[in-house]
Amino acid sequence: MATTLKNLSSYNPNEITSAKKMKFGIVVSDWNAEVTHALLKGALETLISHGAKEENILVKHVPGSFELTLGAQFMAEYGDLDGVICLGCVIQGETRHFDFICQGVTHGITELNMNYNIPFVFGLLTTNNQEQALDRAGGKHGNKGVEAAVTAIKMAALQKEMEELED
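So for the sequence shown, my numbering puts the first residue at 5; every next one is plus one.
Hints are computed from structural coordinates only; laboratory data are not their basis.
Here a beta-carbon is modelled for each residue, glycine too, at the ideal position from N, C-alpha and C.
Warning: the hint list may mix true and false statements.
To be verified - Derived DEER-like restraints, expressed as beta-carbon distance ranges:
#1 R100 <-> N18: 40 to 48 Å
#2 Q134 <-> L169: 39 to 47 Å
#3 R100 <-> K164: 39 to 47 Å
#4 E98 <-> I52: 33 to 41 Å
#5 E170 <-> F104: 34 to 42 Å
#6 E168 <-> Y120: 13 to 21 Å
#7 K164 <-> Q96: 36 to 44 Å
#8 Q134 <-> E49: 19 to 27 Å
As the list claims (entries may be wrong) - BS3-like mimics (lysine-lysine), calculated; alpha carbons at most 27 Å apart, straight line:
#9 K57 <-> K164
#10 K45 <-> K24
#11 K27 <-> K158
#12 K45 <-> K10
When you get a sec, could you build the whole thing from the sequences and use the hints?
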């Protein structure tokens, strides 16, 4: 569904499992910081509002969106986490750089999901301009960071449910 038809911050809180016993990593790009730090704020507030303890949320910053993949891998290798949220923003410019960065990050996060036994959440905005990015970082279309946090909780809960089936 297109973002213009959905508010990224809208969800049914009753459908979310408590995150009280969960640990999350958030890797956030500092490129386009006005946008990405707003995404981070939305993700943090959402995790905490669903019971995650601040001490169970590890936040690390990387220079740009391309570095999200390696930053997320480091988190998976060195942290005991239930999920990793990747937050970044790539705004279309005059060159194909946008395409290469978006493709690389998308492929990288997909690979992490397939190679590690925890969910990696794609919280990368890919917009045509700054206004569209701000609209999705707490503006008129909500906050992609909220959506990413909800996804992380749901996927971590799904993994725990599947693990319980083995018992």
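Now for the hints, and whether the structure bears them out:
no., hint, result
1, R100 <-> N18: 40 to 48 Å, "holds (44 Å)"
2, Q134 <-> L169: 39 to 47 Å, "holds (46 Å)"
3, R100 <-> K164: 39 to 47 Å, "holds (41 Å)"
4, E98 <-> I52: 33 to 41 Å, "holds (40 Å)"
5, E170 <-> F104: 34 to 42 Å, "holds (40 Å)"
6, E168 <-> Y120: 13 to 21 Å, "holds (20 Å)"
7, K164 <-> Q96: 36 to 44 Å, "holds (38 Å)"
8, Q134 <-> E49: 19 to 27 Å, "holds (23 Å)"
9, K57 <-> K164, "holds (18 Å)"
10, K45 <-> K24, "holds (19 Å)"
11, K27 <-> K158, "holds (13 Å)"
12, K45 <-> K10, "holds (20 Å)"
Hint compliance for this structure: no hint is broken.
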